[in-house]
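Protein sequence lines correspond, in order, to chains A and B. Just so you know, we're using our numbering here: the first sequence kicks off at 272 and counts up by one. Just so you know, we're using our numbering here: the second sequence kicks off at 166 and counts up by one.
None of these hints come from the bench; they were simulated from the model. Honestly, I wouldn't trust all of these hints.
[Stated by the list, open to error] Below, in silico cross-link-like pairs of lysine to aspartate or glutamate (EDC-like), each with a Cα-Cα straight-line distance of 16 Å or less:
hint, chain 1, residue 1, chain 2, residue 2
1, A, K342, B, D657
2, A, K298, A, D379
3, B, K547, A, D379
All figures in this text were calculated on a predicted structure; none of them were measured in a lab.
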Amino acid sequence: MMENAWLIPLFPLFSFLILLLVGKRMKETSAYVGIIMTFLSFIGAVAVLLERLDAPTYKAEQVWFTIGSIKITAGFEVNALNALMLVVVSLVSFLVHIYSKGYMHGDDRFSVFYAYLGLFTFAMLGLVMSPNLLQTYVFWELVGLGSFLLIGFYFYKEEAKAAAKKAFIMTRIGDVGLLIGMILLFWQAGSFEYDHIFAAVKAGNVSQTMITLSAILIFIGAVGKSGQFPLHTWLPDAMEGPTPVSALIHAATMVAAGVYLVAALFPLYEASETAMLTVAIVGGFTAIFAASIGLVQTDIKRVLAYSTVSQLGYMMLALGSGGYVAGIFHLTTHAFFKALLFLAAGSVIHAVQTQDIEKMGGLWRKMPLTAPLFLIGTLAISGVPLLSGFFSKDEILVAAWTHGHSVLFWIAVLAAFFTAFYMFRLFFLVFSGEGRHEAKEVHESPAVMTFPMIVLSVLAIFSGYINTPWFGTFLGDWLTDEGFAHEEAPSWIMVVATVVSLLGILLAWLMYGRRSLARDWLSSRAPLTYNVLFNKYYIDEFYAMTFGYVTKFISVLCKYIDRFVVEGIAVAIAAITKAIGAFGARLQNGQVQMYGAVTLIGLTILVVILAFTGGYL
Amino acid sequence: MKWETLVQYKWGMMTPEFIILGVATILSLIDLFMPRGKDRRLLAWFAFVGVAIAFVSVIGLLPAKTASILYDTFRLDAFAKAFKLLLLAGAALVLLLALDYKPKEGIKYRGEFYYLFLTALLGAMMMTSSGDLITLFVGLELLSVSSYILAGLRKTYRLSNESAMKYVINGGISTAMTLFGMSYVFGLTGSTNLKKIAVQLSTLTDGGQQYLLALAFLILFVGLSFKLASVPFHMWAPDVYQGAPTPVTAFLSVVSKTAGFVIVLRLFITIFAAAPSHGKDPSSMLLSMQDYIAFLAGATMIIGNTIALKQRNVKRLFAYSSIAHAGYVLVGFAAMSWVMVDSIWFYFVAYLLMNLGAFAILQVISDQSGSEDISHFAGLYKRNPFMAMTMGIFLLSLAGIPGTAGFIGKVNIFLGAFMTEPAHYVLAAIMIATTVVSYVYYFGLFTQIFFRATAEHEPIKLPLGVTIVVIVCAVGTILFGIIPSLAYNFLDQFQHFGDFLQ
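Turn these sequences into a full structure, and let the hints steer you where they fit.
Encoded structure:
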């Protein structure tokens, strides 16, 4: 199957083309085309993965075009990382295809939605099997295009339109870095191909400064795509897209492309300490920064979006700390539990018709399937022991600790605490207490929506066992070929991680879960009012003193940095561009004399420059 | 010149030019004697067939050895062949657009409309082949004068008159400058033959004379930048593009611009490449003046792309977009890598396809709505999905998104900028940054087409000629985007235009 791996991305492309041509007539049966095609991709990907388990890397390529004596090749490569990504992407895409059948039911542009999904899946699968940087770039842009189309899917909403445009342009700023870094590497190593670049780096044909420079430039591309600080602002806005899209693109696959890119170029990064440190610091900062913003959000999807940003920061931190396996491991487990969370959130939104968590509550009994599934996702992301997130997060903490970034390690621990807290805050606000929603009848979602969630929840629980310190590090051994040794880290790290995550959950429970419990209690046992009030007061005070002030301060500060500094710079650049445009347009006053004068002035300037710098006079 | 020498010339190498000349002459005669009320659209097909035959004859001439006739004034080399193919293909597509052009007040002089394209084309073709300042200039003027008339063919439409007027005046300034620059060159060498000029100039040692030559370089370049619509001679473009009949606008932005680059490449490489100078490269005036071109290229990209942001009129938008594209091509020229001509040629292939395709759609929409406001593109996807999809392809290609010919064209030019020693980092950075800016307006149009509700609901019908153009352009844009080696294998036979200076 490995030599036929090129077929895998073609199935969704085929689905895209079919739906483009006859989708209008097929109406909602379009879904089946998409589902069947992505299923075929998934089967193919699994076959490739199984074969790659004990076979060497397979690579096939051909000359694409030649410029002068430079041959640009195109082809595909199945290495361990690519095979894993193929399965993750095709699986999540397949599940989202199924889910959307229920979620998008009744939408006018149902078939268009599936067509776009097909295009995106094609591009994403193409991206993760590219053997060279140029091809990667091609798919990288196509993925961005798919994302643009899908974020703007509800185009009649102004916010959606603005968000689509913002996402496209923000990530494009990162791509400029990627493109320049890529070309720099090309001229240093003489090739776009990963293998050649690594060989050149290893042989010392590329100077240290060049390695660092190009690695950091490429990292800027990854920063844009993976929503890392300071190019992250598009990701929360991208939540304007339909929820299945958020699950597929803005949680599991596309946003992980930046992490994938850094992982794919890992030997390059390893060759430069500065680049590694940059990746680690940006990742660590993003992890804590986004997590603290997540604490105060009230839109269910935005909480999840900031959580995605924060988790991606985690992965970057892992890679920057040399934790290649840790980063990819977390990427995989995160893809499953975050897709689960988004799909479950979609199910909730579908039921209560709002995204505001202040208007939810009390859904535990009304949504008997969604609620426990959401809980599984929440437990996994919080790093509760024995679920997938626990193992991958532990791996990252170990990587950060053993590589001596103790500050980053503690930041990661703190971020883990925040994560557990805001995720459970979300959980309690949505599912416990009394219903604050306006929707009269809340129904559980149809099976077509719950089935993908069940599959994902199984993965969210068990996918961690592919790489554990207790039962063996299969993933690590396989990814690194030469036998990966789980670094002997002090065992207290695992304890700390567990304690911190449980503390976060406890605090959330005290604040959002317990409070509602107490309210019930109060109605039945009036005499204890004082006690309960005190208790409540105590919690608020506790929150305000120890946690509230500090985090609220940080979080508000971050929010303002986000809004005024980061967006401000973006606005400033846009304003300068517009100002040039406006000035030029004003010169364009329709008078021919002006046009001629501008030409002559231009010529005069050139001649004057020549006179002073030409060296003739 | 004796009759015997005239007969000895291999006139065969001028076959394409003769065909175009013949067709244009016959067309004008038919038009003259044709009854008034008769439908003249048949003439367009006649012109189209003529151009197609000329195209085939150029292909027939491909294996011909590099040679020149008429005392080196007419050359047939790889450069001439490659660019003639481009010009002919562009003109053929423009004729198909002109076939279906229906402004609201109608066009009274349809006959002229068709054969003036041919005379303009003839001028452009002469430019690709000329080896002498005189023929170069005559070709340039033939192109220009025909275009002036074409721009004003909607005689009762005020904007069209304005367009022609502005075009003539600016063209006059341009001609004056170009001739002035040429006169310096002639004064320094005493010859109008490009080859002789090059030989003469290669022994130019006097500092004062070199200074004069550098001045001539700048004056010539600014004069010719009129045809490229690049800074500082770009300001006429939006006004002229807006008022001219849409097929003429398409012609100006594609065929005429290509011709402009043809004359720039021909003139500057032949004359200035080997002339000594005082600048950073003493052995070559061209390399010494590289920074000036780079500066203008940067300014062109910035101005074109930023002003385009403010445009609501689609034709003006495309005028600025075409200014920006001239800037990208100038990057290829300014970098002066050894794949310069290849990359510029490929860029024009891509540009021809995507821009003419876009103009075809634009023409249908503005004909039907009677306005060129961007809002008429709203909801196009609902009204005619085929047009929306193809326009989407053209916009993606213009923006340089991978999978399209526009991307490959940009990559080539971009790689070229890094190929030289030292590499042109700043220029490449400006190119990327302004490309990002261009996404804003291309995707603005894209959003209109796909993401806006439509005000008008009547479906749009595509006339035959336009349909052909749209299909050819869309297929070509995708094909050259995915398999660019098609074009590169074709280019291989020219061996990087090594016979340019022979």
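Status of each hint after checking the structure:
Pair hint K342 of chain A plus D657 of chain B holds up; C-alpha atoms about 13 Å apart against a cutoff of 16 Å. Between K298 of chain A and D379 of chain A, the direct Cα distance comes to roughly 9 Å. Compliance with the 16 Å bound is thereby established for this hinted pair. Taking the CA atoms of K547 of chain B and D379 of chain A, the gap is about 12 Å. The hint holds against a cut of 16 Å.
The structure is consistent with each of the numbered hints, conforming to all of them.
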